Every structure is written in structure tokens, then in C-alpha cells.
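Student: Sequence:
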Amino acid sequence: MRIVFAHVRFALLAVVMLTLDEGSARGEWLTYPEGLAQADSTGKLVFVEVYTDWCAYCTKLERRVLKRDDVRRVLDKHFAMVKLDAEDDTPIVRVGDGVLDSRKLARKYGATAYPTCLILRADGRIVKKLVGYHPPEDFLAFLQSGLASRKD
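In our numbering, the protein residues as written are 5 to 156.
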């Protein structure tokens, strides 16, 4: 019986360690203000995915592109990563006397089709914009193009 418990404990420990390792190797999604702040403090660009819950191509982008190891390596290394729900009206950032929510922010960046992916500077200015679902190779080219444009 002790041997069985020892094996169960070992298996549980292995699962926990693998889960922790996977999470620590992947960048986390940030809020818009957090993403800009991280980009400002690290010199990274900001990658923003503007999505909606009902968007099938947003789900496809998430599953087939954003979770790929080669894409995640580029995102984790060079970008602060932000998700904006284009239909969420929860206030997220104060601008002057007003407050912007995800919906207004999406409109500010001209996101009217989903998914819309943005590469921003730390001050919020657009570097590159990609509308719709694109296969991994095209998506990586978009990221590389944004990195190359950073110097402009």
C-alpha cells in the first residue's frame, strides 16, 4: 500500500511541476495599462489581440497560432501581451476627464472586424495592424515586421 501511495505522490508532483513549468515559460496576458507599463519599463513592444467571445476566427487564432511554441517564443521575448474584449464596457484606463473601456479602446484603434491584432509602442501608438485570421507563417511575418518597424 505504501508503494502505491508513493507512486501516486510522485505522479501528482510530476503533474504539478509540469504545470508550473509550462506557466512560467509562457508570458501572461495583461490589461491594457499593464501592457503599456511593462513595455515602457522593458523596452518591449505591446501585442494586442482584440477579440469577441462569439468570434470563431478569434478562437482559431488562439488555438492554432497563439499557442504554437514558435509564435509564443517571439511574443514572450519581444512583446507585452494584452487582450481586449471589443464588447466589454468595464472601465480600464483613465484619459483626461474620461474613462476608456475595452470597447472604446478597440474603436480608437479602428478594430471593427475580429480578430484584430495590433503592435503598439509603449506610448500606445500603432506600429502594425493585422485584421482577421492568418496562418502561423503569416502571423510570424507580421510580428517580425512590427519588430523591424520599431526602429522607425
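Hints were generated in silico from the structure; no laboratory data involved.
Accuracy of the hints is not assured; some may be wrong.
Said to hold, decoys possible - Pairs of lysine-lysine, DSSO-like flavour, derived with a Cα cap of 30 Å:
#, residue 1, residue 2
1, K108, K71
2, K108, K132
3, K133, K81
4, K87, K71
5, K108, K81
6, K71, K112
7, K81, K112
Keep in mind the model is a prediction, meaning the values are calculated, not measured.
Student: Now, for every hint given, state plainly whether the structure supports it.
Tutor: These are the hints, each one checked on the structure:
Between K108 and K71 the alpha-carbon distance is near 27 Å, which keeps this suggested pair within the 30 Å criterion. The hinted pair formed by K108 and K132 meets the criterion: a straight-line CA distance of about 19 Å does not exceed 30 Å. Proximity of K133 to K81 is assessed by CA-CA distance (about 19 Å); at most 30 Å being required, the pair is judged to hold. Taking the CA atoms of K87 and K71, the gap is about 14 Å. The hint holds against a cut of 30 Å.
In summary, the hint linking K108 to K81 is supported, as the alpha carbons are separated by about 29 Å, within the 30 Å threshold. For the suggested pair K71 and K112, the alpha carbons sit about 27 Å apart, so the restraint of at most 30 Å is met. A C-alpha spacing of about 27 Å is found between K81 and K112, which places the hinted pair at or below 30 Å, so the restraint holds.
When held up to the earlier numbered hints, the structure conflicts with none and fits them all.
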